[in-house]
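**Student:** For the sequence shown, numbering that gives the first Met the number 0 assigns the number 0 to the initial residue and increments by one for each residue that follows.
Calculated directly from the structure, the hints in this document are not laboratory data.
Beta carbons: idealized from backbone N, C-alpha and C, even for Gly.
Treat each hint with caution, since some may be false.
[As the list claims (entries may be wrong)] Have a look at the derived ranges for each label pair, beta carbon to beta carbon:
| # | residue 1 | residue 2 | range |
| --- | --- | --- | --- |
| 1 | Trp56 | Gly34 | 20 to 28 Å |
| 2 | His18 | Ser51 | 44 to 52 Å |
| 3 | Pro52 | Val11 | 51 to 59 Å |
| 4 | Val11 | Trp56 | 47 to 55 Å |
| 5 | Asn50 | Leu4 | 48 to 56 Å |
| 6 | Leu30 | Thr2 | 18 to 26 Å |
| 7 | Leu9 | Phe31 | 17 to 25 Å |
| 8 | Gly34 | Thr2 | 21 to 29 Å |
| 9 | Phe5 | Met54 | 35 to 43 Å |
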Amino acid sequence: MLTGLFVVLLGVLILLYPHILVVMIASVFILFGFGMMAASWQFRRLRRRSNSPFMNWIIRW
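Can you make the complete structure from the sequences, with help from the hints?
**Tutor:** Here it is as structure tokens:
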């Protein structure tokens, strides 16, 4: 019920203020980019320390 109310309120806000949708889409792209940067940093850090063949296989590909 609360999720439905949240979706309805979000829909009303998007109807009243369409730029909210642009901000939401931009924030998804920004967070996705931060996630990719964090993942690549972790894999680079693991490359030096990993003794696991599975992790080495993931890092290599």
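**Student:** Next, verify each hint and record whether it holds.
**Tutor:** Do the hints match the structure? See the list:
1. Trp56 <-> Gly34: 20 to 28 Å: Holds, at about 22 Å.
2. His18 <-> Ser51: 44 to 52 Å: 47 Å Cβ-Cβ, so the 44 to 52 Å window holds.
3. Pro52 <-> Val11: 51 to 59 Å: 53 Å, holds
4. Val11 <-> Trp56: 47 to 55 Å: 49 Å, holds
5. Asn50 <-> Leu4: 48 to 56 Å: 51 Å, holds
6. Leu30 <-> Thr2: 18 to 26 Å: 21 Å, holds
7. Leu9 <-> Phe31: 17 to 25 Å: 20 Å, holds
8. Gly34 <-> Thr2: 21 to 29 Å: 24 Å, holds
9. Phe5 <-> Met54: 35 to 43 Å: 39 Å, holds
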